[in-house]
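Going line by line, the protein sequences match chains A and B. Read in the UniProt record's numbering, the first sequence has 344 at position 344, and its numbers run on one by one without any break. Read in the UniProt record's numbering, the second sequence has 41 at position 41, and its numbers run on one by one without any break.
Everything labelled a hint here was simulated from the structure, so no lab data went into it. Some hints here could point you the wrong way.
It does not matter which identical chain is used: a pair holds within one copy or between any two.
Taking lysine-lysine and the BS3-like style, the derived pairs with C-alpha atoms no more than 27 Å apart in a straight line are [as the list claims (entries may be wrong)]: (1) Lys302 with Lys159; (2) Lys23 with Lys78; (3) Lys90 with Lys300; (4) Lys78 with Lys146; (5) Lys90 with Lys18.
The structure displayed is predicted, hence computed values, not measured ones.
One letter stands for each residue in the lines below.
Number of protein chains: 2
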Amino acid sequence: MQIKENNIHDFHINNILKKLDQKDLDAILVANFNNIYYLSGYLSTSFAFLVLKENPIIFVSEMDLENAKNNSSIDIVKYESFEKMVEYFKEEEIRNLAIESDLTANVYDKFKDFNLTISDVISTERMIKSDGEIKKIMKASDIAHKSLIELDVRAKQEKAALEWECAYELAYLMRKNGASAESFETIFASGLVSSLPHSTPRHHILDTPVLVDYGCKFEGYCSDTTRTFIYTEKQEEISSIVLEAHDKAIDAIKAGAKACEVDKVARDIITEYGYGDNFIHSTGHSLGLDIHENPSISLKDKTVLENNMVLTVEPGIYLEGEFGIRIEDMVLVDKKAKLIGNLPQIL
Amino acid sequence: MQIKENNIHDFHINNILKKLDQKDLDAILVANFNNIYYLSGYLSTSFAFLVLKENPIIFVSEMDLENAKNNSSIDIVKYESFEKMVEYFKEEEIRNLAIESDLTANVYDKFKDFNLTISDVISTERMIKSDGEIKKIMKASDIAHKSLIELDVRAKQEKAALEWECAYELAYLMRKNGASAESFETIFASGLVSSLPHSTPRHHILDTPVLVDYGCKFEGYCSDTTRTFIYTEKQEEISSIVLEAHDKAIDAIKAGAKACEVDKVARDIITEYGYGDNFIHSTGHSLGLDIHENPSISLKDKTVLENNMVLTVEPGIYLEGEFGIRIEDMVLVDKKAKLIGNLPQIL
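Starting from the given sequences, assemble the full structure and let the hints guide the process.
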């Protein structure tokens, strides 16, 4: 997909209009900030409603008007009330209205007199990344990997640094190296709490192992990587099982494979070693503007993988009361999966 | 309200059960993380569904089970599928089901065979803070105020620091001083972009004025403060108008007053000086576990203020192409509003 960046919004919009038309839908009401950004270049800071149809418009809160007018490729109008929006929909003769699956119930309720259909047309469109999007994800990944090396976790461990200080310094380094923000709150989990997949950085001196799950954003696009710094034989033994699952899952990723098949490859390996019950989440997920996008690499997701999807592969083994190990990389789907970046899996 | 901290969840639950019963509702389905935390002490990191009824339970994702069991006062079960949840609801003979206004459409859709009512019963309950909650907000505020003083914005301006560096250092100081996190991404907006109420910190040397809107969390509870560091006569003139609106709005806050009346006080003053069109947001909002809670101090909100509400008061004047000034404090509603903290309004 060689689409010029300045035409990318029109390209996305036209693809979605075609899909709406195929399903006999007059318009889709878009409230998700990243979907609005994807379609217009404008990232809301409070609330906004994009009405996607032949002549799309965005209803924007008064406090964001200046920002929206400076950044949106779609016409902007000031939001006044849901009642006025409903009037507008009627004037535009919108009857069959698609809504997004994450629209909130209170908004859903305001539009219930329309013929509503929940549609994932935009998240489906976002599954396949353009060259421009892939470059931004790769850039985010480069910044993140460089920053983790600069942080030097083993030196921090020797110096008895605190979990939260390390998390802050990593965030600082990523921003210094060109990121706009973290992709999510960095997980810096050491010792016992590494068995909690989403532990929050504590006011505790680094114990072992040290699990670091982190990423940054570059021009809106996320990276997501996990490394676990290991120190004992038991940690090494578990880590080698996780790494085998990680590598084999990546080998199984190619255009045409199903997401659930990839999950099964990782899960079967961990199960063979007797740790199936300790692998308590799915093997991975897509990412882009959001840190979690469709598809997920889970037993339930039957999505057929396609070229230019970007996926994480992140098997883990969590031993409650002992420790947890997770290793995560991002890959680009092609005939074979291409690893994004070259950060060693064992540091 | 002198409720012991260890009974606080039961107290909240009983209040809400009474209200559900009055409305002939069998249960409420709660997916909002902070509402689940408010009712159980467990803060989800992925997804969770609390079913609030006589014997409440929480459906938790497998990866969060260890965390949930360690922290929740309510029984935990492993989430398997929406279908299993629907079966459970039927076994429990739930027919009239309340859902929250921010429940997403895809979940709403799974439960549409029940008699659904959108209810704000929990957010209404959360409007009035307990003594324990007020103490946590005050502690968050103390940490935040102390940290802004430590940062010394005027010194940063003299040293030609970057907006994002200042934002990071402020976040670092708040964490060092005892906060668990920022309440929201700090706004550090200088020069032209101070006219954007929600500007994101840039890789730019601090210009003038410097608008800092920031806060931190202590045991889950948020603070929210804005100071604008002014440097010119014009900035001083606008700042004095904003401060007058700020002070008079606080004077108007008392139990029995309506939220919209307080907004009108601030808006009328700014309008009298000719800047009505430049005050492009509401005067304030409640806060607690969330940075924005009900009520809002806006022309549309007719909520009658009650003792032990905590509100922000944050009028602003935004001159597109020039600069913006906002001054924000938190107050506790009582017979008279009590200012939280003693950070000078002009620094």
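Which numbered hints are broken by the structure, listed smallest first?
Hint check: 1, 2 and 4 fail, others pass.
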